[in-house]
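Visitor: Listed here are the chains, written in short residue letters.
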Amino acid sequence: MTTDPTVFVVDDDEEARVSVCALVRSMGLPTKDFPSGEEFLAFYAAYDLRGCLVTDLRMLGMSGIDLQEKLSEMGSELPVIVLTAFARTPLTVRAMRNGAVTMLDKPYHEDDLWDAICKALALEEARRESRRRSEEIRQRLERLSPSEQQVLDLVVAGKPNKVIAKRLGVSLRTVENRRREVFTKMNAQSVAELVRLVIESERTD
Amino acid sequence: MITEISASLVTSTPDQIDASTNRALATLGQYLSIDRIQLLMFLNDLTMLRCTHEWIADDVPRAIDRLQTQRRDDYPWIFQRLSAGELIVIPDTRELPDEMAPERDDFLDHAIRSTMAVPMCLAGRVVGVLWLDRLNEPFDWPDEIIRGLKLVGEILANGLERMRAERALSESRQFAEAISESSPNVIYVIDVDDSLDFRVSYINRQVTSDFGHTPEEMLSLGNDVIQLIHPEDLPQIHKSLQVAVSAEKDQVIDVEFRVAHIDGGYRSFLTRNRVFRHDTNGFVRQIIGTAQDITDRSKAEEALHQHRDHLAHVARLGALGEMVAGVAHEIGQPLYSIVNFAKASQNILLTISDENVEPVRNWTQHILTSAARAGEIIHRLRDFGRRGGIKRIVNDPDAIIREAIALVNFAARRQQVKIELAGTAGECPVKVDRVQIQQVVVNLLQNALDATPRCDGNEGRVVVHSSCQEVAYIVDVVDEGIGLPSADLQIFQAFVTTKHHGLGMGLAICKTIVEDHGGRISAANNADRGATFRFTLPIAKDSV
Numbered sequence: 009m010t011t012d013p014t015v016f017v018v019d020d021d022e023e024a025r026v027s028v029c030a031l032v033r034s035m036g037l038p039t040k041d042f043p044s045g046e047e048f049l050a051f052y053a054a055y056d057l058r059g060c061l062v063t064d065l066r067m068l069g070m071s072g073i074d075l076q077e078k079l080s081e082m083g084s085e086l087p088v089i090v091l092t093a094f095a096r097t098p099l100t101v102r103a104m105r106n107g108a109v110t111m112l113d114k115p116y117h118e119d120d121l122w123d124a125i126c127k128a129l130a131l132e133e134a135r136r137e138s139r140r141r142s143e144e145i146r147q148r149l150e151r152l153s154p155s156e157q158q159v160l161d162l163v164v165a166g167k168p169n170k171v172i173a174k175r176l177g178v179s180l181r182t183v184e185n186r187r188r189e190v191f192t193k194m195n196a197q198s199v200a201e202l203v204r205l206v207i208e209s210e211r212t213d
Numbered sequence: 005m006i007t008e009i010s011a012s013l014v015t016s017t018p019d020q021i022d023a024s025t026n027r028a029l030a031t032l033g034q035y036l037s038i039d040r041i042q043l044l045m046f047l048n049d050l051t052m053l054r055c056t057h058e059w060i061a062d063d064v065p066r067a068i069d070r071l072q073t074q075r076r077d078d079y080p081w082i083f084q085r086l087s088a089g090e091l092i093v094i095p096d097t098r099e100l101p102d103e104m105a106p107e108r109d110d111f112l113d114h115a116i117r118s119t120m121a122v123p124m125c126l127a128g129r130v131v132g133v134l135w136l137d138r139l140n141e142p143f144d145w146p147d148e149i150i151r152g153l154k155l156v157g158e159i160l161a162n163g164l165e166r167m168r169a170e171r172a173l174s175e176s177r178q179f180a181e182a183i184s185e186s187s188p189n190v191i192y193v194i195d196v197d198d199s200l201d202f203r204v205s206y207i208n209r210q211v212t213s214d215f216g217h218t219p220e221e222m223l224s225l226g227n228d229v230i231q232l233i234h235p236e237d238l239p240q241i242h243k244s245l246q247v248a249v250s251a252e253k254d255q256v257i258d259v260e261f262r263v264a265h266i267d268g269g270y271r272s273f274l275t276r277n278r279v280f281r282h283d284t285n286g287f288v289r290q291i292i293g294t295a296q297d298i299t300d301r302s303k304a305e306e307a308l309h310q311h312r313d314h315l316a317h318v319a320r321l322g323a324l325g326e327m328v329a330g331v332a333h334e335i336g337q338p339l340y341s342i343v344n345f346a347k348a349s350q351n352i353l354l355t356i357s358d359e360n361v362e363p364v365r366n367w368t369q370h371i372l373t374s375a376a377r378a379g380e381i382i383h384r385l386r387d388f389g390r391r392g393g394i395k396r397i398v399n400d401p402d403a404i405i406r407e408a409i410a411l412v413n414f415a416a417r418r419q420q421v422k423i424e425l426a427g428t429a430g431e432c433p434v435k436v437d438r439v440q441i442q443q444v445v446v447n448l449l450q451n452a453l454d455a456t457p458r459c460d461g462n463e464g465r466v467v468v469h470s471s472c473q474e475v476a477y478i479v480d481v482v483d484e485g486i487g488l489p490s491a492d493l494q495i496f497q498a499f500v501t502t503k504h505h506g507l508g509m510g511l512a513i514c515k516t517i518v519e520d521h522g523g524r525i526s527a528a529n530n531a532d533r534g535a536t537f538r539f540t541l542p543i544a545k546d547s548v
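Protein chains in written order, with this note's numbering: chain A, 9 to 213; chain B, 5 to 548.
Hints may contain errors.
What the hints assert, rightly or not - FRET-style restraints, in silico, Cβ to Cβ:
#1 R406(B) / C126(A): 56 to 62 Å
#2 R406(B) / R140(A): 50 to 56 Å
#3 S526(B) / E47(A): 58 to 64 Å
#4 R396(B) / A165(A): 55 to 61 Å
Quick caveat, the hints were computed from the structure, so don't treat them as lab data. Built from N, CA and C at the ideal position, the CB exists for glycine as well.
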């Protein structure tokens with residue numbers, strides 16, 4: 009089950025947690041908060057979460073970085089904002105190596121946190137969109153017959169029809185027919201677009 | 005003749021004695037009409053004779069050079085006789101018996117036909133020989149000559165002995181003086197009188213470089229020499245003198261005191277004193293001592309102390325830094341919540357159009373501004389423990405000062421003090437950390453407010469003035485307050501404060517920040533009232 013885009017807040021300091029929720033809600037977004045990383049993980053396992061995660065670094069039990077690493081291991085693509093009292097270099101390096109994470113010195117400027125959340129949500133949205141699109145392309149590809157698939161591979165490889173006909177041992181006419189079918193099924197107008205679609209489908213594999 | 009010789013020898017000084025001796029030998033030789041007369045001295049416990057003086061008649065060869073090392077082993081008979089104090093009289097050397105063949109041949113080889121030797125005695129001890137030769141013909145030495153020569157021998161021996169003693173004395177004096185003068189320390193002899201007054205009776209040349217006075221000047225000071233000593237050190241010196249007068253000979257007393265150098269200023273000396281001479285009543289009369297200039301050592305020790313203090317200070321600051329960083333973190337957490345809640349409130353309030361809500365919306369903005377400032381301070385405080393993280397960019401310093409004044413204005417109004425910005429520098433690029441410089445100005449303004457007395461009705465005044473000079477941007481914070489207590493008080497040092505509940509950190513932090521930026525900070529009382537604090541910042545060379 010997929011949720012609406014939500015900002016998930018993990019912090020063992022209740023005041024801080026509630027304050028982040030208040031800020032996010034005041035901007036019109038739903039939130040859900042958890043007093044520990046462990047509790048968030050339990051929730052995460054049950055749902056396909058949309059949105060982003062804002063977690064404190066230093067907490068009782070699982071740390072913000074531990075939480076982010078665990079999510080990463082579980083294949084999560086949820087953007088994570090880790091809030092630090094101040095960014096200690098080794099931790100920052102460790103977090104950056106994992107990717108998909110923003111280390112943020114606990115901000116005291118009004119817009120910093122909201123900006124970070126907006127960026128994270130935009131990133132998540134873009135990822136979701138690209139995943140959706142590659143899924144769609146993959147579905148189009150699946151509609152191709154095996155012989156059409158062969159023609160597609162050779163067209164994308166830049167081979168002229170004559171060469172394709174010779175390679176596959178079929179008539180030029182047959183190649184032209186299959187080629188037309190490929191363009192129709194893939195909803196492509198040009199060879200260039202076809203190439204782009206194939207690349208996009210491969211990107212998220 | 006003997007009287008003449010005797011008088012001449014007695015009155016001669018050590019450097020004249022050789023000439024007098026030679027003259028005595030000449031007088032004798034001429035009087036006796038002999039060819040050669042020599043004075044030989046015993047050496048090495050009577051085992052060797054050396055000729056020291058010789059007189060020769062015209063055309064007679066000198067023998068002194070070959071008579072420098074005559075050994076007893078070579079002339080046993082002669083040595084035996086002479087060392088026993090016996091005369092040797094040989095009227096004709098050719099008639100010497102065969103058992104004396106070596107001596108006989110030796111005499112004849114040198115054409116000595118007749119010879120006589122008279123031992124010279126001093127206090128019953130043989131010290132030398134008067135030796136007389138006649139060449140070419142035998143000679144019967146008359147008895148009166150022999151007797152007279154014995155007397156002359158004694159006179160000569162006495163004269164020579166006196167000379168030797170005097171020479172030894174003068175040599176030992178020269179020796180002592182040479183040692184003393186080659187010493188890198190001042191060496192002196194002090195005479196002490198009954199009333200414990202003292203004067204310098206000897207002092208080496210080193211004194212000239214250490215005290216600036218020549219030895220002659222030191223000696224001529226007499227009892228006034230005490231005036232060269234630092235007044236604070238006098239009681240100690242008197243105490244040491246009291247110890248010294250009852251001290252045993254050779255007892256060593258160390259005293260450290262300061263001596264006025266002729267250039268002005270004092271130099272420190274460590275002196276080591278030894279009682280040298282008591283009078284018959286056992287009273288100390290002379291003290292011999294050395295003085296070593298330890299001014300540099302004293303300075304080094306002083307520097308070490310200061311360094312130690314500084315280290316302790318740094319350690320305290322370090323501990324303080326950690327504490328501050330900890331506190332900053334603790335305060336940071338709730339502040340973060342405040343920012344979020346305030347922003348959330350503001351967001352909600354923006355959706356309500358009601359004129360009653362309008363000011364509240366403004367207030368939330370004030371909350372956010374204040375929180376942001378507190379946040380910056382927390383960031384800085386955190387950096388206090390670990391240096392770095394300071395951003396220096398080219399800034400308009402007047403803007404920084406205006407911001408700082410705005411920050412303090414609220415407190416100023418409450419204390420009925422008006423802060424004026426009188427005259428600004430205008431375009432003056434400085435490369436600074438904005439927050440740090442702001443902190444300096446805020447601290448100085450806060451101090452100015454604290455120094456301004458609270459009197460109802462009358463408004464106090466603090467004037468900030470900035471100017472841009474060739475190489476520096478200068479800020480003056482002028483108050484009309486109570487002023488600085490004393491010029492000596494090191495107000496820029498940590499933990500120094502004049503406030504009842506001051507930490508003594510404000511100005512120390514200002515100084516650190518300003519000096520970190522390559523500037524200077526100073527303070528002075530105004531002519532009429534209050535004080536002026538001034539700090540400078542170097543103007544950025546490559547202002548971008």
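Visitor: Take the hints in turn and mark each one as holding or not.
Guide: Now for the hints, and whether the structure bears them out:
In this structure the supplied range 56 to 62 Å is violated for R406(B) paired with C126(A), their Cβ-Cβ distance being about 33 Å. In this structure the supplied range 50 to 56 Å holds for R406(B) paired with R140(A), their Cβ-Cβ distance being about 53 Å. The hinted range of 58 to 64 Å is satisfied by S526(B) and E47(A), whose Cβ atoms lie roughly 59 Å apart. Checked against the hint of 55 to 61 Å, the pair R396(B) and A165(A) passes, with Cβ atoms roughly 57 Å apart.
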